[in-house]
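Taking the hints into account, I'd like the entire structure generated from these sequences.
So the sequence lines, in the order shown, correspond to chains X and G.
Note that the UniProt record's numbering has the first sequence beginning at 1, numbered continuously upward.
Note that the UniProt record's numbering has the second sequence beginning at 1, numbered continuously upward.
It should be emphasised that the hints constitute simulated quantities derived from the structure, not laboratory data.
As the structure is a prediction and not an experimental result, all values here were calculated from the model.
Watch out, some of these pointers could steer you wrong.
[To be verified] The calculated lysine-lysine pairs, modelled on BS3-like cross-linking and capped at a C-alpha distance of 27 Å, are: (1) G:502 <-> X:266; (2) X:407 <-> X:383; (3) G:19 <-> G:383; (4) G:138 <-> G:52; (5) X:287 <-> X:97; (6) X:223 <-> G:117; (7) X:266 <-> X:29; (8) G:138 <-> X:25; (9) G:117 <-> G:383; (10) G:19 <-> G:52; (11) X:287 <-> G:19; (12) X:29 <-> X:383; (13) G:620 <-> X:64; (14) X:195 <-> X:215; (15) G:620 <-> X:287; (16) X:266 <-> G:117; (17) G:383 <-> X:266; (18) G:138 <-> X:287; (19) X:407 <-> G:620; (20) X:97 <-> G:138; (21) G:52 <-> X:266; (22) G:383 <-> X:287; (23) X:215 <-> X:29; (24) X:287 <-> G:505; (25) G:502 <-> G:383; (26) X:29 <-> X:287; (27) X:266 <-> G:25; (28) X:64 <-> X:266; (29) G:383 <-> G:52; (30) X:97 <-> X:383; (31) G:138 <-> X:407; (32) X:64 <-> X:223.
Given next are the chains, with one letter for each unit.
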Amino acid sequence: MTFSGFQLLRNALNGGTGWTPHWRKAEPKPAYDVVIVGGGGHGLATAHYLAKDFGVNNVAVIEKGWIGSGNAGRNTTIIRSNYLLPGNIPFYELGMKLWEGLEQDLNYNAMVSQRGVLNLCHSDAQRDAFARRGNAMRLHGVDAELIDREAVRGMAPYLDFDNARFPIIGGLVQRRGGTARHDAVVWGYARAADKRGVDIIENCEATGLRSEGGKIVGVETTKGFVGANRVGLSVAGNSSRVAALADMRLPIETYALQAFVTESIKPLIDCVVTFGAGHFYISQSDKGSLVFGGDLDPFPSYAQRGSLHVFSDVAENAMAVMPMLGRLRILRSWGGVMDMSMDGSPIIDATPIEGLFFNGGWCYGGFKATPAAGFCFAHLIAKGEPHQAAAPFRLDRFATGRVIDEKGVGATPNLH
Amino acid sequence: MSGFRLADGGLIDRSRPLKFTFDGKAYTGYAGDTLASALLANGVRLFGRSFKYHRPRGVLSAGHEEPNALVELREGARREPNVKATAVELYDGLVARSQNRWPSLAFDAMAVNGLLKPIFSAGFYYKTFMWPASFWEKLYEPVIRRAAGLGRASGVEDPDTYERSNAFCDVLVVGAGPAGLMAALTAARAGADVILCEDQPRVGGQLLSDREFIDGRPAPEWAVSAAAELAALPNVRIMLRTTVTAAFDGCFAALERVSDHYPEPSAFQPRQRFWRIVAKRTILAAGSTERPLAFPDNDRPGIMLSSAVRTYLNRFGVAAGRVAAIYTSTDDGWLTARDFLRAGLTPVVLVDTRASAPAAFADVAKAVPIMLEGAVLGTEGAKGLSAIIVAAGGAQKRFEVDALAVSGGFNPAIQLASHFGGKPSWSENISAFLAGGTAQGVEPAGAAAGVFGLAEIFAEAAAAGAACAAAQGFAAPAPKLPTVAQTSTAGSLAAWRPNPAKDGKIFVDFQHDVTASDVVLAHREGYRSVEHLKRYTTLGMATEQGRTANISALAMMAQLTGRTIPETGVTLARPPVVPLALGAVAGDHRRGAFRPVRETAIHALSSEAGAPFVDVGQWKRPQYFPIPEDADLAATAAREVETVRTRVGVTDVSTLGKIEVLGADAGVFLDRVCATRASAIRPGRCGYFVMLREDGFMMDDGMIARFAPDHFLVYASTAHAASVYRHMLFCRQALWPELDVNLAAVTDGWAQFAIAGPRSPAVVQALVDAPRAITRTVFPPMSAAELTICDGVPARLCALSFSGERAFEVAVPAGYGAALFRRILDVGAAYGIAPYGSEAMGVMRIEKGHPAGSEINGQTTAYDLGLARALSKDKDHIGRVLSARPALNDRKRARLVGLTPLDPNDRLRAGAHVVETGVAPSAASDLGWLSSAAWSPTLRSFIALGFVSGGPDRLGDEVRIFDPVRGGDCAARIVAPCFYDPNGERPRV
Ligand SMILES: Cc1cc2nc3c(=O)[nH]c(=O)nc-3n(C[C@H](O)[C@H](O)[C@H](O)COP(=O)(O)OP(=O)(O)OC[C@H]3O[C@@H](n4cnc5c(N)ncnc54)[C@H](O)[C@@H]3O)c2cc1C
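So, in structure tokens, the structure goes:
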């Protein structure tokens, strides 16, 4: 069924009895052309583009829990392409363009909202660093504006312009950046992929990666063996654990990242705002909750929960830049486990095992990458060679030195 | 018809009336009331509107589980949205308003949404608003955003203050109801340090709501005497108005509402205090939450949880209505009926879903019409309940009532245990989830453990308290248990019969207007896992986190899928248990105190001199020292530079990182940490160092002074001081613990000044104690000494130059800093000395082409910076192997060069890009960027340092400086990075 205002009306009149499951509850077939491990945003997007753009329809996505149960359903939903380095900008901009057409592509409203992303700066040096970034974006044809303090005040009058420990002197704006509804992205891709014949198999965990003579032949799962001579791993925070099933050690460490929402309030914060003198970012959802986050918990962990230290630190950062938040209440907080790579940039590449492909190392920034990562991963799996926009995301870049280190903190994953 | 205050009874102080307003109308309540109880007593039923359909809503509960009665509390900067009227202590002068309605609470135009309900079903927005694409941001979304949201934030800075505090104990008891008090008594009597936290302003918990008798006295009296015994023990701390709200690995977070029961905090008092409590063992005695029942139009004002009805009756002396009915699937409804009878109000009917009446309530059965295996089929009333339709045994009956008490069983308050990730387990016995296993020493007791009979609660809580104490070596004497009349209210689940005609009016999540038909739709569309159900329908996402909603919805989904409830799943509660104000969590780390300010010894002096400061990390550094003759700050910087280049200047360099390296292996250690050979520096000399990260990139550069064979001092850059020290500590402790070396960071211990310029030797000579001579031969550049100055002040002197002139750095213990600075200016006056700020220093270092923070930015290598030759090739050191990676030695890398505009007045700015001339600027023609730029008064031109692809191979080439975000565009030439005295002759003269 195609969603439309008409369908909505029709079903309003017939008690909603015309609606059907958005994706089938599939059980595994003995074999597929491609098996994707991981039913997060990336895995589902990969399946969608494989079927839609690369003519590979005999695909299964296997997910150990319910789809979207990992980081796809835990993130703070910011999308943007305001990167600094030439290795990153084209990829995230490809993503931005896909976001811009996503609803029509999927026939599902993922609420892509280009509300703008405002990065605040607090020193001359930081403004100059933003200028460098903004100029790099412009050279790549991406929108960027460097604005002064008064223009920041115009966009976000509620910031602390008077008593701040680190005064606001300006900001970098990407108006095309914004947010999208994370669950809807997952469901929209699932529904679109399912429509093209992809089997989405939930409650099915990959427990082994079977290879013969250096070639992948299939995946052992909690629902039995599923054959495939092309397998894509897209398991985000579980990357190291799943890669270990194929005896691979990845340049990745895993850390928890917390996120927070407040009770729902009337519109207050219009765009996405990031604080430049600490670590804090915030936006307001369409439902009215303020959604925000800050630093990673500094120690490796697979527990999907955070520590009080960072919990408090995030609140301090919030108050430092927006003291009007003082009486608003945190309703919920949670943690997701982040696949932090050694240079803070992702990996989309073939592995030493023929037919086994890897997509991961997304750190805290892979939600915005969902469409582009899906597209480029599908390209790699279908054609055996990387898509141009993702070509820098090689697994061997740590050996060659072609690292893509936006923050310049080196091989210290928890600092990226 | 509506609620009213009973003539007597209740734990309120009728001698202390309190005035307050709601929606501008004045009312009176009593001390001890909540906002909800006081409004109910005044006959108010309509408290708010629901989120989506703007249905009229009253009060459902008497606590933090309230989904309906949300208000905006206080005014102006203290206005707070979404406050649960049931959790607000009444105070004199309280001002509250209803929210999310327009134009008024009684007449809310947005209620038309209710008519569109068939369209506004769960997830409808995912299926529409997609055409044309740009209309989402322009049209649909703004409308949705304005309609969504509950109350309004104040939008201005919160005037109140908050504190953070820490506490430690052997046993933390969460909740001072019967279980908590009993557990605390047992553990405390055994000698354990106990902290007892109670959310309410008084102890007693459920005892305050019921008419129980303990040891022959009314239960609240027993609670008071138990608390008195506890308070008298030195090892007990009772914290009232304190909610333990989150569990973390290793600690709990609790919120103490210090001043929320006053109009404003009194002087020097915070509004709230945020506690971090570290406990060896924890008893979770936080009680339980009652569940409503599912029936059509179950959300009208006047329909209230049965236990809440009793709380209003017994604790607040308020009847929920004049004509009441009861609808229950538990014994709790019967308790409520009994208390109604005692208050002289006879319920018109008690409808029980179960087949038989509980034996212990024969008195109720005699006095109240009972309908067994009954069901409420519907309710009537515009702004509040006026009638219910009841079915029993095939017949339908209508009762005119203004209050309906409902009970669908109890959910133990296990949230804190779930924060650790422990999966709750389903108990058939009480039809509810219990904490799964004891996570991290947390033991539920009382209703939180699913135990509802008072005698049983006492016995089990005493055992839990004793066990917690015993586990820590405190032997508990056998507890003396109070005698009570046994009552029990175990729950059961009422079956729901799907009915498409009615399901749209059965509210499951009251606040978010999620109905049974939404659950049916989610099932139909495949959103069957609990998390999908929640996310698709927004069930349980409201301000009470689904406390009253989740189980009903889960039961419906279980029924639809033909699975059991535990098979259907459970969602884990996430912190906090009760929403937490951001201000409280941040505590006093606000405004200027967000991060500690680091000031140097001359901060006050500089400030008196009119110097503006610049933030460098946490430091404040004087940026300029303007004098009246300067036309502007640019002129100040130019004058300061000229002073140094021609005479002498002094600047504060105390912010440089100073790391002492001591021990027999100090040289060996530094040779491994540095890419340069530090051990080759002779005692009494300084040497340049480069440090690489493990991955071969630049970490820092700077100077090392060696005062003795086993004593080095590393001067790290201000920006990298902390990371360099951390790195060195890691190397010492983790990599080479066998080396005989110790490190000490002494950055703040020393004030240090650079005295720079051709006349600097004379100034320094005037400072040092005789007989030391400061001449080119005796104390040449790169000398270092520990000595005394100014008649015996211990000092360190190094002949180092950053400015490119003959220069010295003199350091004294920080306490002498201000005095030394004054002395330098005094003795320097004869030589034309002037202080200079960080700006002039920056200009001079750019003139000299020294890399600083924007060049050593973590993305550049020694090779990029032209420092490869300084690295020693004949020893191993950190970063050596990885710095040899091919891509890091590619000639095409962006490498450090100088740039000068063809027109010297064309402004260069850091952050501009360098692109090829003659082609359109694009990613393909992008060559690099400017990292530092300044007006050079010495060269009378703008100059810049920058990174250009293959730059050092292109000296002399013309390029374009492109800065579209600031509108800059000019031509420049690539030159060597050192603009001034390239052979370094001036410091040596
Ligand atoms: C708190 C937080 C905030 C964030 N904020 C942002 C943001 O604002 N913007 C942004 O761009 N990014 C953000 N991110 C990052 C982003 O969410 C992730 O990078 C991205 O979702 C990862 O891709 P995914 O959606 O495929 O991952 P996931 O949703 O985690 O998908 C991986 C899936 O693999 C499944 N899986 C794992 N092991 C197995 C197995 N053995 N067998 C089968 N299935 C398996 C998991 O259950 C999971 O469903 C944030 C992350 C967090 C936690």
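So, going through the hints one by one against the coordinates:
no.	hint	result
1	G:502 <-> X:266	violated, 31 Å
2	X:407 <-> X:383	violated, 32 Å
3	G:19 <-> G:383	holds, 25 Å
4	G:138 <-> G:52	holds, 22 Å
5	X:287 <-> X:97	holds, 25 Å
6	X:223 <-> G:117	violated, 41 Å
7	X:266 <-> X:29	violated, 49 Å
8	G:138 <-> X:25	violated, 37 Å
9	G:117 <-> G:383	holds, 19 Å
10	G:19 <-> G:52	violated, 33 Å
11	X:287 <-> G:19	violated, 35 Å
12	X:29 <-> X:383	holds, 24 Å
13	G:620 <-> X:64	violated, 52 Å
14	X:195 <-> X:215	violated, 30 Å
15	G:620 <-> X:287	violated, 42 Å
16	X:266 <-> G:117	holds, 22 Å
17	G:383 <-> X:266	holds, 24 Å
18	G:138 <-> X:287	holds, 17 Å
19	X:407 <-> G:620	holds, 24 Å
20	X:97 <-> G:138	holds, 18 Å
21	G:52 <-> X:266	holds, 13 Å
22	G:383 <-> X:287	holds, 26 Å
23	X:215 <-> X:29	holds, 21 Å
24	X:287 <-> G:505	holds, 22 Å
25	G:502 <-> G:383	holds, 20 Å
26	X:29 <-> X:287	violated, 40 Å
27	X:266 <-> G:25	holds, 24 Å
28	X:64 <-> X:266	violated, 38 Å
29	G:383 <-> G:52	holds, 17 Å
30	X:97 <-> X:383	holds, 22 Å
31	G:138 <-> X:407	violated, 35 Å
32	X:64 <-> X:223	holds, 10 Å
Hint compliance for this structure: hints 1, 2, 6, 7, 8, 10, 11, 13, 14, 15, 26, 28, 31 are not met, and every other hint is.
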